[in-house]
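Enquirer: Single-letter residue listing:
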Amino acid sequence: MKEGESKAPELKTLGDVVRWVIAELGAMCPSPERLAAYFANPDDVSLRDVQYHVEEARCPICQAERETMQRATSD
Amino acid sequence: MTDGAELLDVFMRCRPALARFARTAFPRLVHDVDDLLQEIWLELQTKVPASDFQAPRNSESWLRMLVRSRAIDRLRSMERRVFFSLTMRKDADSEMPEKIEPEDSGPSPATHAIEQERRRRQGLLLSDVLAEFCRWCEKRPQRLAIKEAYERALHGQSPAQIAEAMGVPPASVHQWLHQAREWVRQRVTERDVERSVFLTLYGGQ
Chain A
449 MKEGESKAPE LKTLGDVVRW VIAELGAMCP SPERLAAYFA NPDDVSLRDV QYHVEEARCP
509 ICQAERETMQ RATSD
Chain B
1342 MTDGAELLDV FMRCRPALAR FARTAFPRLV HDVDDLLQEI WLELQTKVPA SDFQAPRNSE
1402 SWLRMLVRSR AIDRLRSMER RVFFSLTMRK DADSEMPEKI EPEDSGPSPA THAIEQERRR
1462 RQGLLLSDVL AEFCRWCEKR PQRLAIKEAY ERALHGQSPA QIAEAMGVPP ASVHQWLHQA
1522 REWVRQRVTE RDVERSVFLT LYGGQ
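Chains as they are written, first to last, in the numbering used here: chain A, 449 to 523; chain B, 1342 to 1546.
Check each hint, because a few of them may be wrong.
To be verified - Taking beta-carbon pairs under 7 Å as the criterion, some of the chain B residues facing chain A (in silico):
hint: 1; residue: T1365
hint: 2; residue: S1402
hint: 3; residue: M1406
hint: 4; residue: I1413
hint: 5; residue: R1460
hint: 6; residue: E1489
hint: 7; residue: H1496
I should point out that these hints are in silico values taken from the structure, not numbers from a laboratory. All C-beta atoms in this analysis are idealised placements derived from N, C-alpha and C, irrespective of residue type, glycine included.
Given the sequences, and given the hints that come with them, work out the whole structure.
Expert: Take a look at the structure:
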């Protein structure tokens, strides 16, 4: 077994399962098009659900995407 | 439009950034990132020469989407492998989804393994259903509030907290959550014919 596989999360409750699928498998992530639209225009009221997902729920996948975009822009 | 050859150049130029993105967004794949990018590179080399290949407008963004998609595929594949390694057969636990453990069994290794396998199965199914739910919501602007309310609920917010955060009447939140839960419940029921996930999802376990 590879090292990465040994870090599989311990899933004791359904809550653990829900947190896992949202944070690691991107189950509640917006479509790539809407995520890109949000990054381009964070004040767009039609993207409030994306704002919640990225800023309040702090989705690690979407935040990493923004970080990468910002780095690419500043490079 | 960027042509196919240019896309491959962009991939090579952005490879360090794509690797950094994959490591940050998917920490469990930190040791697999090189393999992942190599697979994507091979996939691109197959796709790009095809006559029907449409080069993306924004290559970097498109490549990140591809990395994200393939990373999630890989995570799911890893989970399936863990699942099968725990059960050694695909249909384990499905014959007796409501099996009751003896009260004094305690968390034996076997019980723990069965429970982990069941939870992983729940996760894979829920992941599919929730992703489908998001795409359903995104098809109509009026459904976006349902998505936000449901995601807030999944993160533990009460209907009152959701109503306050979204600036809407609590009755609307109750209605949205009911609609979302019913949608998810129906999809889970359709997919989980043995009802093992359904029972735990709505049975309070």
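Enquirer: Compare the structure with each hint and give your call.
Expert: Hint-by-hint comparison with the structure:
no.	hint	result
1	T1365	holds (4 Å)
2	S1402	holds (6 Å)
3	M1406	holds (4 Å)
4	I1413	holds (6 Å)
5	R1460	holds (4 Å)
6	E1489	holds (4 Å)
7	H1496	holds (6 Å)
The structure is consistent with each of the numbered hints, conforming to all of them.
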